[in-house]
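A.B. asks: Turn these sequences into a full structure, and let the hints guide you.
For the record, the sequence lines run as chains A and B. So the first sequence is numbered by the numbering used here: it starts at 3 and just counts up by one. So the second sequence is numbered by the numbering used here: it starts at 241 and just counts up by one.
If you are wondering where the hints come from, they were derived from the structure by calculation, not from laboratory data. The beta carbon of each residue, even a glycine, is placed where N, CA and C say it ideally should be. Where hints are given, some of them may not hold.
Which chain B residues stay away from chain A? Per the calculated CB distances, all over 12 angstroms, these [as the list claims (entries may be wrong)]:
id : residue
1  : 291
2  : 293
3  : 303
4  : 316
5  : 337
6  : 387
7  : 405
8  : 437
9  : 455
10 : 495
11 : 501
Straight-line distance between alpha carbons at most 20 angstroms, and here's what the computed SDA-like set of lysine to any residue pairs gives [unchecked claim]:
id : chain 1 : residue 1 : chain 2 : residue 2
12 : A       : 159       : A       : 128
13 : A       : 104       : A       : 159
14 : B       : 279       : A       : 81
15 : A       : 118       : B       : 276
16 : A       : 118       : B       : 279
17 : A       : 104       : A       : 117
18 : A       : 118       : B       : 278
19 : A       : 118       : B       : 280
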Amino acid sequence: MHPFTPIEYTTLRALRGVSFRVAKGEFMGIAGRNGSGKTTLLKLLASIYRADRGRLRVAGALAPLIELGVGFNTNLTARENVLLNGVMMGMTPREARGRFDKIIEFAELEEFVEMKLKNYSSGMAMRLAFSVMVQSDADILMVDEVLAVGDASFAQKCGDEFDRLHGEGRTILLVTHSMESLRSLCDHAILIEDGVVELDGDPADVASRYLEINLTGRGATPAASADGAGEGAAGRIAEFWLENSEGERLGGFNHRESIHLVAVIEAKQEIDRPRFGFQLSSANGVSLFAAPHQPLADSLAPGDRVTFRATVANPLAPGTYVINCRLSGGGATVPIDWRRPAANFVVWGRPRFGTIELDWTWEVERQPRTSAMEAARE
Amino acid sequence: MTAAGQPAALQPVRGPSALGGGARRFFTLTWLLSVTEFKLNYFGTIFGYLWSLVLPLVRFAVLYAVFTRIIRFDTPNYAQLLLLNLTLYSLFNEATTRAVRSVVGNENIVRKTQFPRIVIPLSVVITALLNLGLNLIAVLVFLTVTGVGPNVTWLALPLIVVGLAVFTTGVSLLVSALFVRFRDVAQMWGLMVLVLFYASAVLYPVEFIPPGMRFLLFVNPLIPLLEEARRLVVDPSAPSVVDAAGSVFGIIAPAIVVIVVCAIGLWTFVRAAPRVAEEL
Numbered sequence: 003m004h005p006f007t008p009i010e011y012t013t014l015r016a017l018r019g020v021s022f023r024v025a026k027g028e029f030m031g032i033a034g035r036n037g038s039g040k041t042t043l044l045k046l047l048a049s050i051y052r053a054d055r056g057r058l059r060v061a062g063a064l065a066p067l068i069e070l071g072v073g074f075n076t077n078l079t080a081r082e083n084v085l086l087n088g089v090m091m092g093m094t095p096r097e098a099r100g101r102f103d104k105i106i107e108f109a110e111l112e113e114f115v116e117m118k119l120k121n122y123s124s125g126m127a128m129r130l131a132f133s134v135m136v137q138s139d140a141d142i143l144m145v146d147e148v149l150a151v152g153d154a155s156f157a158q159k160c161g162d163e164f165d166r167l168h169g170e171g172r173t174i175l176l177v178t179h180s181m182e183s184l185r186s187l188c189d190h191a192i193l194i195e196d197g198v199v200e201l202d203g204d205p206a207d208v209a210s211r212y213l214e215i216n217l218t219g220r221g222a223t224p225a226a227s228a229d230g231a232g233e234g235a236a237g238r239i240a241e242f243w244l245e246n247s248e249g250e251r252l253g254g255f256n257h258r259e260s261i262h263l264v265a266v267i268e269a270k271q272e273i274d275r276p277r278f279g280f281q282l283s284s285a286n287g288v289s290l291f292a293a294p295h296q297p298l299a300d301s302l303a304p305g306d307r308v309t310f311r312a313t314v315a316n317p318l319a320p321g322t323y324v325i326n327c328r329l330s331g332g333g334a335t336v337p338i339d340w341r342r343p344a345a346n347f348v349v350w351g352r353p354r355f356g357t358i359e360l361d362w363t364w365e366v367e368r369q370p371r372t373s374a375m376e377a378a379r380e
Numbered sequence: 241m242t243a244a245g246q247p248a249a250l251q252p253v254r255g256p257s258a259l260g261g262g263a264r265r266f267f268t269l270t271w272l273l274s275v276t277e278f279k280l281n282y283f284g285t286i287f288g289y290l291w292s293l294v295l296p297l298v299r300f301a302v303l304y305a306v307f308t309r310i311i312r313f314d315t316p317n318y319a320q321l322l323l324l325n326l327t328l329y330s331l332f333n334e335a336t337t338r339a340v341r342s343v344v345g346n347e348n349i350v351r352k353t354q355f356p357r358i359v360i361p362l363s364v365v366i367t368a369l370l371n372l373g374l375n376l377i378a379v380l381v382f383l384t385v386t387g388v389g390p391n392v393t394w395l396a397l398p399l400i401v402v403g404l405a406v407f408t409t410g411v412s413l414l415v416s417a418l419f420v421r422f423r424d425v426a427q428m429w430g431l432m433v434l435v436l437f438y439a440s441a442v443l444y445p446v447e448f449i450p451p452g453m454r455f456l457l458f459v460n461p462l463i464p465l466l467e468e469a470r471r472l473v474v475d476p477s478a479p480s481v482v483d484a485a486g487s488v489f490g491i492i493a494p495a496i497v498v499i500v501v502c503a504i505g506l507w508t509f510v511r512a513a514p515r516v517a518e519e520l
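C.D. replies: As structure tokens, this is what we get:
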């Protein structure tokens, strides 16, 4: 190899034809799957990368970094790191030193000021980094995925701090995978998919579309694959789809919106009392529910077609799910044809804990105090 | 922060560059990075500063033994000359060697922050200069103790250091920019500093260079720099660069080399800077 042979590069066009506007004082969210080009976009805005083509214009001072804790050195103390990171953020050393107490107070790290960063937990280091960032004077802040900072109470503080910055009229660009924070924080959002702006508008719409794309690949399409029993079988599942109450074929449903399964069965030979059933699983394969097979009272002659319809209540938490289905005959469980999976679908909505939201009620009753307890309090 | 109510004008985003981004931020960052690195060198280990003296002293002791006991140089004040030369050459050696990998090594800041890219190799040179400052103090103390000087001409030593720093900076810019795309530069530069060490009259006085190799005096600016330092600090009666080279080109040619190297270094770095973050 020639000593001057450069390392070979493959050209990756990270962004194409991206165009959007952010108004002054707006809190804009940028959503998109990993590798979709979100970070490249921030790097172009921050002058870390140079755009091959196109025009970017910015009014006002832009924070020069896109990630928290840039320049942190684990062999230095919090004090020295705040100075380094602050200067990286565009502060003068004097400003960085002057704001040090505020930064440490916000990060709740007063006891660890002279400790080297390598002895910090990662959560503590992130808290420090976030605290430096919010002290920045920049008009426009760009933040790449930070809301996973620290524990729940600190996350709450971060949210409040974003509100404060937003209230001061700063413009904030936030890259996030958390659709909850997108909806609760942002005024405006864009969705980037494969380097193009897929959607530009209301954060709620962007969040829904993001979940749809992210959970099912390119949009929600009922899976076409069929493991079926093949040519010699007595019958087949000719068609299978999901639809809503209006009869629209869909791959995504809102939480609590009932789902209609439709299967068209075609007999090739005589089938005695065919039964059709389906089973619902989570994306990671955990079986959630299986409907008892629905029998047909009589038998089918070759060429007969039957449509089975099932209406399923949807208490499912937002996420992606799989439906498998099976046709059997003989009034029993002799499988004739099956599809595994028959369809994938998405449930949209506010994230919830768990997989299924059950109906529940509370009854809370306070017990009267006994005299023994009163005595114990004295 | 721009004043509220007075909207800032839309400015095109210029993209990354070697020098752009405001003079104050440039100087602040260069100084801060240099001092941080310097501090980490000395406070990272238990003996800190002592370690930074041990290695050069051992090297000096070995070379001194070789060239006075085995190969018998009878140059006056050879010990003092050798120590001074080693110390000055170490600036060039240390700075350029570290500079090669500096831009790539600082990937975490290059890929995540906008700042003038030239800050990185410059801060490497400045850190090496801070080290040199400390080491020179030790050298001058040694010279005084051993009866060479002090002398008024020592006050001109900073001029030599400036010349050395300029040449070192030019080379550092060149190698640090090239390394981003051509990783072989690290190995090649390792060989180059080794060759230059022997080709720079560090171990031997300039008079030892045979007539057949006098061309070195014209192409290697380190020789005249070290020779002038020798005359200022150790031995005023040593031949000047012009005497040693036999003509005034002994000073002009190396000066041109320095200017050309700096120009190529700067040009290469400025050209590479906008793409550096993508090519790491």
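A.B. asks: Each hint should be assessed against the structure and marked as holding or not.
C.D. replies: Structure-based check of each hint:
no.	hint	in the structure
1	291	holds, 16 angstroms
2	293	holds, 21 angstroms
3	303	holds, 31 angstroms
4	316	holds, 44 angstroms
5	337	holds, 18 angstroms
6	387	holds, 42 angstroms
7	405	holds, 24 angstroms
8	437	holds, 22 angstroms
9	455	holds, 25 angstroms
10	495	holds, 29 angstroms
11	501	holds, 19 angstroms
12	A/159 with A/128	holds, 13 angstroms
13	A/104 with A/159	holds, 14 angstroms
14	B/279 with A/81	holds, 14 angstroms
15	A/118 with B/276	holds, 14 angstroms
16	A/118 with B/279	holds, 14 angstroms
17	A/104 with A/117	holds, 17 angstroms
18	A/118 with B/278	holds, 17 angstroms
19	A/118 with B/280	holds, 12 angstroms
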